[in-house]
Amino acid sequence: MKNKLRLHKYSMVLIGFLVSLIWIYPFYLVVTNSFKTKADIFNSTLGLPKIPTMENYSTAFIELDFIHSFLNSFLVTAGSILIIVIFTSMAGYALSRNPGKTSSGIYFLFAVCMLIPFQSIMIPLVSLFGAMDMLNRTGLSIMYLGLGSSLAVFLYVGAMKGIPRALDEAAIIDGCNRLQVYWYIILPMLKPTTVTVIVLNAIWFWNDYLLPSLVINKEGMYTIPLKTFYFFGEYSTQWHLALAALVIAIIPIIILYVFLQKYIINGISDGAVK
Amino acid sequence: MNFTKRTYWLFLLPALLALLLVLIIPFVQGIYFSFTQYDGFHVNEFVGLDNYKRLFTDDQFVYSLWFTAGFSIASVIGINVIGLSLALLVTQKLGKISTVFRTVYFMPNLIGGIILGFIWQFIFLKAFTGIADWTGLEIFRGWLSNTETGFWGLVILFVWQMSGYIMVIYISFLNNVPQELMEAATIDGANSWQSFWKVKFPLIAPAFTVSLFLTLSNAFKVYDQNMALTAGGPFGSTEMVTMNIYNTAFKVQEMGYAQAKAIIFLIIITFISVIQLYFTRRRETEL
Numbered sequence: 001m002k003n004k005l006r007l008h009k010y011s012m013v014l015i016g017f018l019v020s021l022i023w024i025y026p027f028y029l030v031v032t033n034s035f036k037t038k039a040d041i042f043n044s045t046l047g048l049p050k051i052p053t054m055e056n057y058s059t060a061f062i063e064l065d066f067i068h069s070f071l072n073s074f075l076v077t078a079g080s081i082l083i084i085v086i087f088t089s090m091a092g093y094a095l096s097r098n099p100g101k102t103s104s105g106i107y108f109l110f111a112v113c114m115l116i117p118f119q120s121i122m123i124p125l126v127s128l129f130g131a132m133d134m135l136n137r138t139g140l141s142i143m144y145l146g147l148g149s150s151l152a153v154f155l156y157v158g159a160m161k162g163i164p165r166a167l168d169e170a171a172i173i174d175g176c177n178r179l180q181v182y183w184y185i186i187l188p189m190l191k192p193t194t195v196t197v198i199v200l201n202a203i204w205f206w207n208d209y210l211l212p213s214l215v216i217n218k219e220g221m222y223t224i225p226l227k228t229f230y231f232f233g234e235y236s237t238q239w240h241l242a243l244a245a246l247v248i249a250i251i252p253i254i255i256l257y258v259f260l261q262k263y264i265i266n267g268i269s270d271g272a273v274k
Numbered sequence: 275m276n277f278t279k280r281t282y283w284l285f286l287l288p289a290l291l292a293l294l295l296v297l298i299i300p301f302v303q304g305i306y307f308s309f310t311q312y313d314g315f316h317v318n319e320f321v322g323l324d325n326y327k328r329l330f331t332d333d334q335f336v337y338s339l340w341f342t343a344g345f346s347i348a349s350v351i352g353i354n355v356i357g358l359s360l361a362l363l364v365t366q367k368l369g370k371i372s373t374v375f376r377t378v379y380f381m382p383n384l385i386g387g388i389i390l391g392f393i394w395q396f397i398f399l400k401a402f403t404g405i406a407d408w409t410g411l412e413i414f415r416g417w418l419s420n421t422e423t424g425f426w427g428l429v430i431l432f433v434w435q436m437s438g439y440i441m442v443i444y445i446s447f448l449n450n451v452p453q454e455l456m457e458a459a460t461i462d463g464a465n466s467w468q469s470f471w472k473v474k475f476p477l478i479a480p481a482f483t484v485s486l487f488l489t490l491s492n493a494f495k496v497y498d499q500n501m502a503l504t505a506g507g508p509f510g511s512t513e514m515v516t517m518n519i520y521n522t523a524f525k526v527q528e529m530g531y532a533q534a535k536a537i538i539f540l541i542i543i544t545f546i547s548v549i550q551l552y553f554t555r556r557r558e559t560e561l
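These protein sequences, in sequence, are chains R and W.
Mapped onto this note's numbering, the consecutive letters of the first sequence carry residue numbers 1 to 274.
Mapped onto this note's numbering, the consecutive letters of the second sequence carry residue numbers 275 to 561.
The hints are simulated quantities; they were obtained by calculation from the structure and are not laboratory data.
Take every hint as true, because none was put in to throw you off.
With a Cα cut of at most 30 angstroms, we get these calculated DSS-like pairs of lysine-lysine:
#	chain 1	residue 1	chain 2	residue 2
1	W	Lys370	R	Lys262
2	R	Lys4	W	Lys474
3	R	Lys262	W	Lys367
4	W	Lys495	R	Lys262
5	W	Lys400	R	Lys50
6	R	Lys191	W	Lys279
7	R	Lys9	W	Lys472
8	R	Lys101	R	Lys191
9	W	Lys367	R	Lys9
10	R	Lys161	W	Lys279
Isolated chain R, as found in the complex:
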């Protein structure tokens, strides 16, 4: 019985390992080929580089304008997340503490908007923001606030159910105003949900292509996905440069993933299950 169990375990580990290889193989090929010369990729795609070269990287780094693209992506992602977390947790707090027709109506509005696919509003959205002269990074962050508010409000209202009313009432009696109660008591207690909201939205905003491509049209304002796309269009026949650019674009995410792996995976499952 024990031997059988052990055999079962080892065969499972073996299967898991083989599947991992399949999952990693595309990354492996991209990384190994990014160190090859153009001719070397053409002659042997599957093999290791004959004489590894770093030249692809220095060219791609400059052509991607990587420092600027990285900063643009960072500003848009961090700025949008900051306003989403603050404004939707405030809304969730207000909705859950004032039950009644108004609150359920507004909550329903947020929830229903979750069903609207982006492509069905993108045309009027872009015209509207264009008319307000808001087709820039600030406008993009406001769009993300609107598009992301549905799910975030939904998650925060759910989390508020676990925070007893007596807590804010005690603080009010002690002389706090609403804003202080929210900032010093409610927001810290909502931390697990905040982690979920940050994770879900960070993955979305950092990687989004379609919306930024419609909103940002100034060369210096491009985010990483936009810049990668235009770079690829220009260098599509030059795989050695294109692959180095892909690796550069991925590295920041992988570093973050290694350190925050637990939070990211928990955040995803909490967001989907609730």
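Use these hints to put chain W onto chain R, whose structure you have.
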């Protein structure tokens, strides 16, 4: 102790205003635009149902709808079968290695569709040719050069990406299955096959609601991967419905007509979601 009226609205206002500005106003405007000839700046003419009538004779649009539907069905099956299998695998008692597996399977989801699309473009065009040269298997040659390989290329990319995501959802449901129940089944003489189908499977039914809903609507809304992997080619034969809407709006500049397509798209997505929720909810209670 409720909020004063003023604080209540102050707390709600920023999020509510953004929702109004970004979703509700464009939504209402969008319905209006779909009945007009609109160029992005001015409504030139109110045309009633003309845009909608034209949809039925727009072969490329109808084709892109069917292509998207086929892609979605193949992806939903692939993602859920593989996602659930991976979840079952990593929830066996394998020790620390299961965390490593979980991390690896999930990884593609952190990377944007544009970059994933380019990675796979390289795999299909270059690495597959390398494999064909090496093994002599002709099946690896000519990928993305015709409709069929374009279709399966998109499905492979999307299944590879989303399986790890759906795995995470199945894992969280599997972890909630009480251990005693599984032990009781074993003591009663159930083999692992039986205890999966008769005990675990019914208990994780809600996971199917979430996963099917997520994968189906995500598959229908795919744009970035389509753009980066095939860009709709060859000759628009792998153009999905979102790309068709985009091209009509921003390449051909027929915004009113594109908006009519967008409304049809909205109706389809909503219809799928509602049907799906209805059926899976009902099955959950039956079990």
